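Which chain is which? The protein sequence lines are A and B, in order. Per my numbering, the first sequence starts with residue 1, numbered consecutively. Per my numbering, the second sequence starts with residue 753, numbered consecutively.
Just so you know, the hints here were simulated from the structure itself, not pulled from any lab data. Values in this document were obtained by computation on a predicted structure and should not be read as measured data. One or more of the hints may lead you astray.
[Said to hold, decoys possible] Only part of the chain B face toward chain A is listed, based on derived beta-carbon distances under 8 Å:
# : residue
1 : A833
2 : T852
3 : T864
Yeah, the Cβ is synthetic: ideal placement off N, Cα and C, and Gly gets one too.
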Amino acid sequence: MYLKLIIRNVRRSARDYLIYMVTMTVCAMLLYSFLSVTSRYYRPDMGAQYNLAVLGDGMKLAVGSISLLLLFLVRFVNNYMLRHRQKEFAIQTVLGMEQNTVAWLFFAETFVLGAVCVFAGILLGMFCSQFITAMLLAEYGLEYRLSFMLFPDTMLLTAAFFGISLAVTGLFNVRTIRRIRIIHMLHGGRRNDTALGRSRYMPFVTVLYGIMLVLMLASGLSAKHYYFDSRFPLPVHIMFQGNILAPLLSLAWLFAWLIRRKRWGFQRLVFVEMLFTLVNACFFASVPPICMRYQLSFGSSALGSDTGANQYLLFLLAALIYLVCGIIYLSGAFLCRWKDKNPAHTYSGQNLFFFGQIISRLTTTAHTMTLICLTLSASIFLFLAVPALTGWASGFLDQRSLYDVQISSAYSSVYEESDLLTGDLYIDSYGLVPDFLEQRGIAVSHDCAFSLYLPCRDEFYNRVKLDFPVAVIRLSDYNAIREMLGYEKIHLGENEFTTQWQSIATAKERDEFVKNHRSVSTDAGTLNLSQENPYYEDAVGETLYNRYTDVIYVFPDRICESLLSVMQCRYIRTIRPISYADALQLENDFRKLYPESPEDNIGMCYYIRTRTLQVNDTRASIFMTNAMMTYGGIVLMVICLTILSLQQLLDASQYRYRFGVLRKMGVEENDIDKLILKQLCVWFGLPVTVAIAVAAILAVYFFTTIQRQLAAYMGTEALLLRLLATFGVLTVLLACYFASTRALFKSAAGRG
Amino acid sequence: MKSVLKLDHIQKYYGNGGSLTQAIRDISFTVEEGEFLGIMGASGSGKTTLLNCISTIDAVSAGHIYLDQTDVTDLRPGHLARFRRENLGFIFQDFNLLDTLTLGENISLALTINRMPHDKIPSRVQQVASSLNIADILDKYPYQVSGGQKQRCACARALVSDPKLILADEPTGALDSHSAQMLLSTLQSINQKLGATILMVTHDPFSASYAGRILFLKDGEIFTEIHRGNSSRKAFFDKILSVLTTLGGGQTDVS
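Looking at chain B on its own, in the form it has when it is part of the complex (with noise of 0.2 Å):
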């Protein structure tokens, strides 16, 4: 299978001289071509550094980035904005979706900045919006949906313009259990159906569930990394799980 996503030792240092922090230390992995990647740890583990380095939003202390062969880390400052947008989708915690504009429009703005001619662009809604079920509420308002919506919404907007990957920031955060069980659905038939590679941060085991790999971080660097393969997903959260209790063992280890 082909990969997209290649990570080369990369390091993220904060600060300078004596008040020097390691965010990451060294870390190297692979994303395959329509897997759908999961990244968990604890608080400062480095997850969101990571996903920020990845996303272009912020730049690596050493290593390198690949995506589809792309060396992001080489890629000049005035290139980096068109990087993004061709190539990757996003999906945040607290939605960032514009209150001034209908969440059709949401949507159309992602293929509006990539420039699609301007008579396709209601189509492509559609159909996104549809695959997603927010077909009916396309002319709502973001504050007039639930939040679940909402996250549907940001879900198509990432995936709209068919990006080469879409990063999801802990998706499920801010949701209620009903409405994160059924976008973690829908991001696992994104995957699935439309073969969209998914690249998840989350300190959630359940939604962590749905991923086929996940990758456990702590201090910066892989602790270790677990696939679902083909058990189920019940069994998938229960390795999850225990791999946490010895992930946070070795924080509460008072021996």
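With the rest of the complex left out, here is chain A (with noise of 0.2 Å):
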């Protein structure tokens, strides 16, 4: 009899919350499909120099996280369904039924409910991980071919997963329904969310974010203490002044709403705070271009990827969640006083009735839809900075990867002169690596052994980051590393020279220093900039450049012989690549020899990199962010988006009875259907567009910040292109949602 119960049910709650198991499947499919990857049995053709043993443990924690997230939306079901339920479970009670027994039959229908859709995901998972497969492939360039196959570890892993999450959470409705007294058991359906003026977690915010604006305000003000100077042009002191008097300002008029808080109201500190937050996220966000265009330095170092971005980044963060709290929390206020205010819409049609719905709900549930803006948020910027991630990280691969084998060394490390010179600067050329790939029977097509040179003498102790000396090439060198690349000699007259440059750098940088250097001063004479070509930007490697610069001289051979040599290079190419053990053995041989980092941080430093390793780390860790943030993002977004769904199909009586009400007071079946579908893209859009918005400025903001890489290694087109298809898969994933949820709206709760 109780398996006849559990499964009529599970039947029934099928079909109540269709979209939270297809949800549940799809979630099942998509974790088995990632995992699949990291399998003991995944081995797919990739020849000797690539091992995906990079990505296993890496991919399993990644992934395994962002399942975790998971645990929310089975919470949230989970809870609303034994809310709905309560009636049901205290009317069994009373028949007779142990409280124990409910609860367990609870549990049972649940589990059941989640092991159908775990079972289906995984079969599901077993297509999908195809597509995975095929995206590993094509990252590392490699021919796809189909092969369905069934994981055991996976699928283990997958159920266990799943199992865990259910029994859990399972375990936890067993305690709440043992402990519920069956009078509110009774009464549990009538009880009504907690109305927002009751509500705490507005006030909550505020108080966390009044913490932020001290924060803010300290940070402006040590900024200002420590990196301010009164020469910079007025634009940096309109940022420097901005970031300290626009927290000072919102923490005032918090202040000033303290003293006078019974006559103002918290509605209008939040409304005023929020304007405040705007002119401060103006402010936080324009720190980026700012620091870029006059070369501010804003932190430890430079501003782009150092920790007063991230600060600010932080900080502006901070203003956009109080300003998505903000939004939500008067949204209902607001139509409140424009509905007051505005007669004429409020009463034209059935808009009271509209607005009764949506402000009814917003006044009650403005705490999820809070959370359901912020996680859409991350899920929609995830997407939007994948894109922009891979396609840098990919593109910058490429211009690094030039060479089987790349040895460079540094001499930051070394302050004297005479250590240089005596130091172990020039052991044999490296010639430990032609041995190995000798040893190895790797034959070699261009090996180039070479030095880097300093203009003047004098330049070797200059250790100022933001002008630090450009290094200098033979241009012999120079042109057998072109061969070696494929491309075209150069020539250079009498007492000329030429510049190479990083793809990097912009095209502003590189003619203003043309400008500024058409002649070099050198420990053997002047010489000046080739008319013909003053400048090369073939991509050569990134090796070949002095730090903190982006450029390197290359001068006719007679005039390097009197220069100082501070480093050398070597670069080699061979006939077939080095397979993945070999590549690591050298790399690791290497290393024994010459350090990284040498003892007492005092000597010169050397570098190698095979392009065996560089490709297999960067497109695995390629891949795993690709497939990562994709995941991350697809799951916050079903969370969201199902979320979105079952607030209003579970509330489906609750409509069926309003509606029904208004079909008899004679209002047509065409209005009733259009007020369902606005009701719906209300609730909807709101947080949608709310959601783009924020994660718009976020984007902006990550994009300026990295905008030279973005234009370097991947262009401007590549990435709009990127992003518009990243958007049309989300507003197709979006329209799936909205028309699924309005089909079973209509059906659950238009039809009387």
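Could you fit the two chains together into a complex? Lean on the hints.
Right, here's the structure in full:
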């Protein structure tokens, strides 16, 4: 009998919670698919130079952590089910069933429901994992072959994850049901959500934001104290002052409100604070572009990816979160006021009913709605950031892994010229590397060992980051590298030099440099910039340049003979790729002899990079970033859309009643359909619009901080194209949820 | 006096083939303008089915219903909603107020649905609310007021669009005796002072005693009909009880 009861309940719940079940199935499918890459049995034919083991543990950890987010969805839906079924539980208990039995029956029901989804998800995962494999192989530039395989370890992991999640949530439910008194269960359905006025979440958020404002003010004051210079141009002045004044005014308003809080009311505090927050956000967002524009240092190092930027990103996030909380919190009040002030619109058609529906929902679920907005923003931002990050990493890889072996050195930890000359700099031109390759039978097609010089000996002692000396390469070495890479050789006239640029440098920087360096004084006399070819931009690798510089001089060989040699490099190209194991061994052997960090941090630093490891590690990182951010974005998005959808569908009985009253009062079916559409549009539209706005602001901020890298390694057009494609996919996903919610809502609540 | 509602041999069947249930066998009667008509009967006598047919929520199987000369049984489904909102007012046992709107907005809703110009709505709502003594609670939500106040609001909502006929389905069913008495006095007052035509379905003799005429249904047919005339409400109440005794006696006759 109990079994029959469970099966019947599962069938009924499956109908009521269809969207939740679909979401759970999709999530189980995605979990299985992404985890399949880490399976012991997953061995795509990729060749000796690739090793997928680097993906394994990282992926497992990342996939598992992201999947934990699903617990929120499971808990939310279970709570909802529990609340809606309390009366039924009470009746069963009154009829004589043990409360314990009722609880375990509910446990069994939710567990079976979840298990069905997980089973279906794993089956679908078999197909979906093909896409993940295709995505992985495409990342490595390999051909994809279809192969259906069920990975037992992945299957077990997926089942265990969901099994434990469902069991833990179920046990919480059992505990809850066993503790509720029958009388409370009988009246459970009548309990209303906490009304907005009585909710404490917004005062709590405001207090937290107040603390954040103090930090913002302190940070603004400290930045001004340490980094401000009165000679800075006006925009920099405004930025420094703004980052002090805006938080100060926000705080002043908070204190003013505290004094007159009885007269002004909490809603006024939030509204005015939001206006100040908007100003704050603008000043925080202005920091990266202004710092980049005027080459400012605003933290531990030049701004771009340093602590200063991270701090202001954190402040911007705090401001945006407060804005979202405020918008949702005040939207109900705003609608009420608008309704009262516009009777013509309020009393037109069924608008009165419509406003009532929306306002009542906004005032009772503002808290959930805010969380949904923030989570959706995070999800959209992840989707927007993925193409930029992967495009950047991919483009960067293409430009830096030009040689099978790249060896370079840095003199930044050598402090005396004499140490440089008597040091280990010239040890046999890293002869261990060609020997190793020969030993392993790897034939070399090109090999170029060369030195890098400084134009003037005195510049050796210049260690100012923003004014670091540009290094020099001999023309013959430069031509050897160009030949190795398939570029044409270059020629220089008597006493002429030219420049080679890294792709990250902007055209403006390059032109300015060229304009200001028409001639260069060297220890061997003055050289003039070649009129014919003042610069070259072909990709020659990133290790050719001196630290903190994006340019290198190319001098005639005879000039270099009189210059101070400070670094030595060796670039090698092989006939066939070096295997993963050999590359690892080579790098280890090299580091034993030539350490990256010298003892006591004094001495030369040596670096070796093999294409095999560079490609392998970077591709694995790109794939993992791509997969995890996409998976995280999807999980967050489906959680939000499912909760939005369920909030409407699970209250269908309430809506059925309300629409029933309208019908009895003579409202036509067409108008009721329009009302449903309008209601769902607002319900989905408000969080989606707010989330898009927040994500767009964050994305613009993020893209601004990495605009140089994006322009150099990806290109604005490619980024825009990928963003458009992402936007299209997200729109389709949203449309699917909206359409299915509308259809289910109409069938559940629409018809009398 | 002009007749507002006329039922002409209406019948209503449910089911088909072997499982046919005859909810209304054959009912005909007329309701005059400004009349307060009560309909009584035991459970299953066809009261609610009759009300549903009159209110166009359900369709008759045979016969005709005329409301102010319009045969509602001939109306196309697309026109029924409009007919309802323009001609009928409803008072339900469980109030049917919308919990998302204030009492004032609940009353206004009937007018907005009828597309009344927005500038006339507040004054009309205030006027009706004053006559029902709920003007001071118009800003409250249904969950903030008592059952009696809710039902008076439901009365105001039914009355505000000036319908030709007000249909009340067990309006005192969810009220305590004091609130029920107040509501019935209100209904009587809107019938007598405002000339509203009311058709009330009830199984409570006390409620029915406020009506001017009562039809007793039994097994889908009119069993009998009594008029209050000039008699006191107490006398009319006794008369109702005696009819109910007769009505019930037929069911429990075991001789």
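Quick rundown of the hints versus the structure:
no. : hint : verdict
1   : A833 : holds, 4 Å
2   : T852 : holds, 4 Å
3   : T864 : holds, 5 Å
Checked against the numbered hints above, the structure breaks none of them.
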